[in-house]
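Q: Residue strings, one per chain:
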Amino acid sequence: MLRYFLKRLLSLALSLVAASVVIFLALEVVPGDPAAYMLGLNAQEDTLNALREQLGLNGTILERYLSWAGGLLTGDFGISYTYRTPVSEMIGDRLWVSLPLALYALTLSTLIAFPAGIWAASRRGSYVDTGVMGATQLGVAIPNFWFAMLMVLVFAINLRWFSAGGFAGWEAGFLAGMKSLTLPAIALALPQASILTRVMRSSLLDTLSEDFIRTARAKGLTRAQAMWRHALRNALIPVLTIMGLQFSFLLAGAIIIENVFYLPGLGRLVFQAISARDLIVVESVVMLLVFAVIVVNFAVDLAYALVDPRLRRRR
Amino acid sequence: MSLLGIDRLSLKIHGTPILKDVSFAVDPGRILGVIGESGSGKSMTAFSVLQLLPNGAECTGNISLAGKDILTCSETELCSIRGREVGMVFQEPMTALNPLQTIGAQVAETILVHENVSKAEAMTRAAKALQRAELPQEKFPLSRYPHELSGGQRQRVVIAMAIALRPKLLIADEPTTALDVTTQAQILDLLKRLVAEDDMGLMLISHDLAVVADLADDLVIMQQGEVVENGPARSLFGAMQHPYSRALLEASSHVPDRLGEAHKTSLLQVRNVVRDYQQHVHGWWGATTHFRAVNDVSFDIRRGESLGLVGESGCGKSTLTRAILGLEEVQGGEILFDGQPVFTHHHANKDVRRRMQVVFQDPYGSFNPRWRVEKLVSEPFHLLQTPLHGHERENAVVEALESVGLGAEDRHKYIHEFSGGQRQRIAIARALIIKPDLIILDEAVSALDVSVRAQVLDLLADLGDRFNLTYLFISHDLSVVRSITDRVLVMKAGEIVEGGPTDAVFDHPNHDYTKQLVAAAPVLPVGAA
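So the sequence lines, in the order shown, correspond to chains A and B. Just so you know, we're using the numbering used here here: the first sequence kicks off at 1 and counts up by one. Just so you know, we're using the numbering used here here: the second sequence kicks off at 1 and counts up by one.
Warning: the hint list may mix true and false statements.
[To be verified] Distance condition first, Cα-Cα at most 25 Å in a straight line; then the derived DMTMM-like pairs of lysine to aspartate or glutamate:
1. B:K139 to A:D308
2. B:K435 to B:E392
3. B:K168 to B:E92
4. A:K7 to B:E148
Quick caveat, the hints were computed from the structure, so don't treat them as lab data.
Full structure from sequences and hints, please.
A: So, in structure tokens, the structure goes:
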């Protein structure tokens, strides 16, 4: 088990280094000089040079990469070209919105998908199954921004249960914060829950047709006991994979939903930074998202090993 | 009254008749052998007793177990019968256990489901059940997971689960079909001992007459959902009445006619071949260890000869086959085909490769399901420097199909339209199409029913004579090897331990291991048929 853990950890570190190189190089080849962009069309050459010096844009590629990567390690993400504030502070503020939102949405989607998937699988071919599958079809098909606007109309404008947008801030209290994240989280969770339900159902159906389920039934277990005790844990592996992918997506992919609800999250930050050609912010946020994806995958790998003893084998 | 009485049982699944008027009985302390080929309904009969049938199944007739009428029992009553009064052992030990639970927990579950005992007590009793199934605690603690055990050991776990509550009836559905001969003999002995100790009734289902003949007190022979013959084993083997049972018996001991004229010249020479596999690395920068799968193996196959290679799973048979086919490089020695090496400059020698073909075991997995037979059969053409095209190619496909007893029109069909035996014929046609000198048959008839197997063996013998083919026949089934080979090699742990004319080796084995194999192989009683 320790060996498996160390191996995964090494692969995590290598992935991070590789990702940082790719991100750095990709933004290096993008045309456009941030200094020229900031100073406008009529800037003098020596002013531009001075600004480039200040932003750390001079020097060889290797020097610039090392200073950027070294900064990342110590938590120094550099200074935003447009706002002139430390990028780490900007990201930190936004992370406190995006991370809880992603976790909230993932929790909702899991709470919907597990029971629905299990229910549909245990009544395969029945009206329940057909109904659940139809609903998930719809859930995948409906664009989440449209569903978000619909919810704003119903719950914010007509019923006045929630505010139509904006974030109350955690200073206003945990519940107030959660309340302003509720509608966005539901909008994000719906398509994810639909996908996860389908994965849960098909994985469970595959497992239920395995030989060891028949063995369990021959021991005298009821259909339900065989499912809960033997099938469910075996069915979890593909479900965990999808959950890992979904979490990464929720963290980074909420741009549209954040815009619909005027949430100051990471998605909106990247969106603004790209339009302002604030490359250092883009670089840092993308790196952070890559970090999140890799760490989540690492966690999923560890979860596999917890679920499946065959992966713990010390060979 | 019998322990299990089945009376005029009929079964339909979604209206399709599966069983018709099946009647037989199992008595305590006796072993009933149920024999039949695939599709004969023997497994469905077993599942009817436990009422573990697929959706849409409808049983009529009567099944009584120790006086209880199974067909009128509620699901709750059935759950308390399954595992407590009837235990069941399945064919495929590799998949019959939950991979995520320890063997202790899985055996203890049988007890916990039926009795209100503490987990600790259930574990103690599970340990006893495993002990009875000959998996002692010292060597196989309860905390083992299924993947840490071999096939035979897993089957013992399944048996321990089935007998943990000392049921009155044990149903074993092809319990040894997936196992090696020596393991098979051990498992059969174990079942026999448990039946005697617990005075259980055992319903032993098999396609293999010889396996059942050694063990059963009574026999039932089934064909297409019906019982065709029924009676005490001892008298039945001498006097089978039904034409199907006699055909089955004949097919089980079938020996194809062969001219068998081997030339003096060697076609394949294997010289001191060594095949190492690199195994895991110790520590991060530690030395790699090697596993020697084939160790200093030498033999010749003469042109026109049929050579058998027998040994248990993991002995290196398949590794050796891959080396001969030039699929993998060897670490020592050389393999010459008609004087030329099969492997040159780290690549398979194509000149040689096109003169050898192989037929594998699985008639289901070894074809691309999206290709028509024509394309499947003509695939080896890519080995030729000047592949045939157009009419010539079509004629070659038709000729190959006709030589294995299929029709020219079959070339337009897909593989799922054929039965297992027909698929194996197609595999042979695919091997024949480029007119090779050597055909390697890797367990080529192991998955087939006995009557189909007899036909395929006849076909192979006939083709061998017609096209002057040389066969390397790899199998774990000694009776098949005996019926079709001139010479045999016995392989154990990567080495050839004995070799010689087939009859001589099997009648007077010299090496201890060969003796073990021959002793373990089930045989039909003398005087049968």
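Q: Each hint needs a verdict: does it hold in this structure or not?
A: Against the structure, the hints:
The hinted pair formed by B:K139 and A:D308 meets the criterion: a straight-line CA distance of about 23 Å does not exceed 25 Å. Simply put, B:K435 and B:E392 have alpha-carbon atoms about 14 Å apart, close enough for the 25 Å limit, and the pair holds. Distance restraint check for B:K168 and B:E92: the Cα-Cα separation of roughly 23 Å lies within the 25 Å cut-off, and the hinted pair is therefore satisfied. Taking the CA atoms of A:K7 and B:E148, the gap is near 22 Å; set against the 25 Å cutoff, the hint holds.
No hint from the list above goes unmet by this structure.
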